[in-house]
Amino acid sequence: MSAPYDLETGDAVHPGRPVQVDRYTVGARINHWVTAISLILLAISGLALFHPSLYFLTGLFGGGQMTRTIHPWIGVVLFFSFAGMFLRFWKANLWKSEDGTWMRRIRDVIAGHEEKLPELGKYNAGQKMVFWGMSLLIMVLITSGVVIWQAYFASYTTIEQQRIALLVHALAAVAIICVWIVHVYAAIWVKGTISAMTRGQVTGGWAWRHHRKWFRELVSSRKSGTRGTPAE
Amino acid sequence: MFPPIPNPTTAPVAPKLSDADLVRRSASGSPSQVEFKEPVAKLIDVSKCIGCKACQAACLEWNELHEEIGTFNGTYTNPPDLTPASLTLMRFTEWVNPETDNLEWLIRKDGCMHCADPGCLKACPAPGAIVQYSNGIVDFDHAKCIGCGYCVKGCPFNIPRISQVDHKAYKCTLCSDRVAVGQGPACQKACPTQAIVFGTKTQMKQWAEGRIKDLKSRGYKNAGLYDPPGVGGTHVMYVLQHADKPSIYAGLPDNPRISPIVEAWKGVTKYVGLGVMGFAALAGALHYLVNGANKVSPEDEANAEKLAAEKLSSGGRS
Chain A
2 MSAPYDLETG DAVHPGRPVQ VDRYTVGARI NHWVTAISLI LLAISGLALF
52 HPSLYFLTGL FGGGQMTRTI HPWIGVVLFF SFAGMFLRFW KANLWKSEDG
102 TWMRRIRDVI AGHEEKLPEL GKYNAGQKMV FWGMSLLIMV LITSGVVIWQ
152 AYFASYTTIE QQRIALLVHA LAAVAIICVW IVHVYAAIWV KGTISAMTRG
202 QVTGGWAWRH HRKWFRELVS SRKSGTRGTP AE
Chain B
27 MFPPIPNPTT APVAPKLSDA DLVRRSASGS PSQVEFKEPV AKLIDVSKCI
77 GCKACQAACL EWNELHEEIG TFNGTYTNPP DLTPASLTLM RFTEWVNPET
127 DNLEWLIRKD GCMHCADPGC LKACPAPGAI VQYSNGIVDF DHAKCIGCGY
177 CVKGCPFNIP RISQVDHKAY KCTLCSDRVA VGQGPACQKA CPTQAIVFGT
227 KTQMKQWAEG RIKDLKSRGY KNAGLYDPPG VGGTHVMYVL QHADKPSIYA
277 GLPDNPRISP IVEAWKGVTK YVGLGVMGFA ALAGALHYLV NGANKVSPED
327 EANAEKLAAE KLSSGGRS
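Taken in sequence, the protein lines are chains A and B. One rule links them: number in the working numbering = place in the first sequence (from 1) + 1. One rule links them: number in the working numbering = place in the second sequence (from 1) + 26.
Keep in mind that the hints were calculated from the coordinates and are not lab data. Remember, predicted model here, so these are calculated numbers, not experimental data. Some hints could be false.
Said to hold, decoys possible - Subject to a maximum C-alpha distance of 20 angstroms in a straight line, what follows is the list of computed SDA-like cross-link-like pairs (lysine to any residue):
no., chain 1, residue 1, chain 2, residue 2
1, A, K97, A, F87
2, B, K194, A, V147
3, B, K332, A, Q202
4, A, K192, B, H313
5, B, K194, A, G63
6, B, K194, A, Y153
7, B, K337, A, E120
To be verified - Label-pair distances were calculated between CB atoms; the ranges are:
no., chain 1, residue 1, chain 2, residue 2, range
8, B, N104, A, G28, 53 to 61 angstroms
9, B, V316, A, E120, 20 to 28 angstroms
10, B, G77, A, G85, 53 to 61 angstroms
11, B, G293, A, I189, 19 to 27 angstroms
Cβ atoms here follow ideal geometry from the backbone N, Cα and C, with glycine treated the same way.
Work the whole structure out from these sequences, hints included.
What follows is the structure in C-alpha cells.
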C-alpha cells in the first residue's frame with residue numbers, strides 16, 4: 002500500500018489495550034453534529050407540514066407561522082454544513098472494487114457475517130451509499146426548497162414549476178429520512194461506532210473487524226498517535 | 027331585471043353561517059354534523075359589464091383594504107394583477123373576432139371562483155385555515171393561515187395572493203360576512219348594470235339561461251354558462267359570449283382542474299411517504315430483535331493489538 006488509500010487527516014493509531022484509533026477530528030465531529038441537528042429539526046418541521054396528523058409538531062417551533070419561517074433557514078444551515086462534510090469526506094467515499102463484492106454479499110452483511118466480507122477501507126459500500134445519497138438528496142432538497150420558499154423566491158418561477166418542486170421536495174424528504182434511518186440504525190446496530198462521532202475514537206478491534214484495510218494502512222503508514230514528525 | 031336583494035334592517039341580525047355549516051376544513055377530517063344550506067352563487071354576466079370598476083371599489087371599501095398606488099401599465103387593468111388587497115380585478119382584453127372581424131372588448135371580473143372541489147383547501151397544511159361552508163363559500167381563516175403559499179399551488183385559477191406584510195393568504199370571501207346575514211356580496215350590490223347578480227345556485231343557473239337565450243338571439247351563437255365541471259362546478263359563474271373559448275377572457279382556464287401533481291403530492295405521496303418511513307424504522311427494529319447487535323469480539327481486539335504491536339515496533343518508532 003504505497004499511495005494513501007483512503008486515510009483522512011487526523012486518522013491515527015494509539016497502541017495499548019485496547020488499541021485506540023482516531024477516526025474523526027474535532028472539526029469533523031462538530032461539522033457532523035451541526036448537520037445532524039439541522040437534519041432532525043428539518044425533518045420534524047417538514048413532517049409537521051407534510052401530514053395533518055403531524056401538524057402538532059409545529060408547536061415545537063412556536064406555531065405554524067414560525068415553523069414555515071424557520072424551516073427554510075435551517076435548510077440553508079444544513080446545506081452549508083453538509084457542504085463542509087462533503088469536502089472532508091468525498092475522497093474516502095469514492096467507489097472501490099471491494100464495494101461491489103460487499104454489495105453482492107449484502108445477505109452476509111445483514112446477517113452480521115463479517116468474516117465472509119472483503120477487507121474494507123475507511124467506509125463500506127453502505128456508508129458510501131448513505132454519503133452519496135445524502136449528497137444527492139440535499140442538492141435536490143435545497144434546489145426544490147428555494148423554488149417553494151414563498152417569502153423570497155415565489156416570483157422567480159411559475160406556479161407549475163412550484164407544483165413540481167413541492168412534489169419533488171416531498172419525495173426527496175421521504176427518501177432522505179429513510180437514508181437517515183439507515184444511517185442511525187447502522188450506528189446503533191454496529192456496536193462501538195457511536196464513539197467515533199462523540200470522542201472521535203474507535204477501538205482497534207472495531208477497526209479490525211469492520212474496516213481492516215483502513216486499519217492496516219493506518220498501522221503501516223506509521224501514523225501512530227505519538228506526537229512528532231509525520232510519516233516520511 | 028333580476029329582483030334586487032332588499033336592504034337589510036338596521037336591527038342586529040344573528041349570522042346564519044357558523045362552524046356548524048362547514049362541510050370541509052383544510053388538513054382535517056370531515057365534520058360529522060353539517061346543517062346544509064342552500065348553495066349560493068354569484069353570476070357574472072360578462073356581456074353586461076361596462077368596466078366601471080364599481081365592484082373593485084366596493085370590494086376595497088367593504089373589506090377595508092387599501093391598494094398601493096402603482097404605475098400605469100398601458101391597459102385599463104388596474105392594478106395589473108390581483109394582490110393581497112385587490113381581491114377582485116377587472117381584466118380587459120381587446121379581442122378581434124375572426125368570424126366578424128369586429129373588435130370586442132372583453133371585460134372579465136377576476137377573483138375566487140369558490141370551487142365545489144377547492145384546490146387551495148386540499149393543498150393547505152394548516153388545519154382549519156381554509157374552510158368550505160355548506161352554501162359553497164370557500165373562506166380563509168387568517169388566524170390559522172401560516173403563509174406557506176401551498177394554496178397558490180393548489181388553485182387552478184391562480185387566485186390566492188400572499189401578503190408580504192403579514193405573510194397570510196388573501197382572496198375573495200364571497201363576502202361571507204354579508205351572506206351570513208342575508209345580504210349579497212359588496213361587488214354585486216355596487217354593480218350598476220346587474221352584470222353581477224347573487225342568489226341560490228339554482229336561481230343563478232335559471233337566470234343565466236335567460237341571458238344566454240337573449241345573447242344567442244343577438245347572434246352570439248356560442249354564448250354559454252361557465253360552471254367548469256373539472257372542479258365540481260363553481261359558486262362564481264360567468265355568462266360568456268364565447269363560452270367555447272374561455273381562454274380569450276384574459277386566460278380563463280378552458281378546462282380547470284386541480285393539477286394532477288398537487289393531487290399526487292397531497293394524495294398518494296402523503297400516505298405512501300409515511301408508510302415507507304414507518305417501514306424503514308420498523309425493519310430496523312425487527313432486524314435488531316432477530317439478529318442482535320453486531321459486536322466487536324475479544325479476538326478482534328487481540329488481532330488489532332497484535333498488528334499494531336508488530337508494525338508499529340518494526341517501524342522503529344516509540
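Hints and how they fare:
1. Distance hint between A:K97 and A:F87 is fulfilled; the C-alpha atoms sit about 18 angstroms from each other, no more than 20 angstroms.
2. The hinted pair formed by B:K194 and A:V147 meets the criterion: a straight-line CA distance of about 19 angstroms does not exceed 20 angstroms.
3. Note on B:K332 and A:Q202: the hinted pairing holds, with a Cα-Cα distance of about 19 angstroms set against a maximum of 20 angstroms.
4. Under the criterion of a C-alpha separation no larger than 20 angstroms, the hint pairing A:K192 with B:H313 is consistent with the structure, at around 14 angstroms.
5. At most 20 angstroms may separate the alpha-carbon atoms for a hinted pair to count; B:K194 and A:G63 meet this at roughly 17 angstroms.
6. The hinted pair formed by B:K194 and A:Y153 meets the criterion: a straight-line CA distance of about 14 angstroms does not exceed 20 angstroms.
7. Simply put, B:K337 and A:E120 have alpha-carbon atoms about 18 angstroms apart, close enough for the 20 angstroms limit, and the pair holds.
8. The hint said 53 to 61 angstroms for the Cβ distance between B:N104 and A:G28, and at roughly 58 angstroms that hint holds.
9. Taking 20 to 28 angstroms as the suggested C-beta distance range, the pair B:V316 and A:E120 conforms, at roughly 27 angstroms.
10. Range check, B:G77 to A:G85: about 59 angstroms between beta-carbon atoms, so the 53 to 61 angstroms window is met.
11. The hinted range of 19 to 27 angstroms is not satisfied by B:G293 and A:I189, whose Cβ atoms lie roughly 34 angstroms apart.
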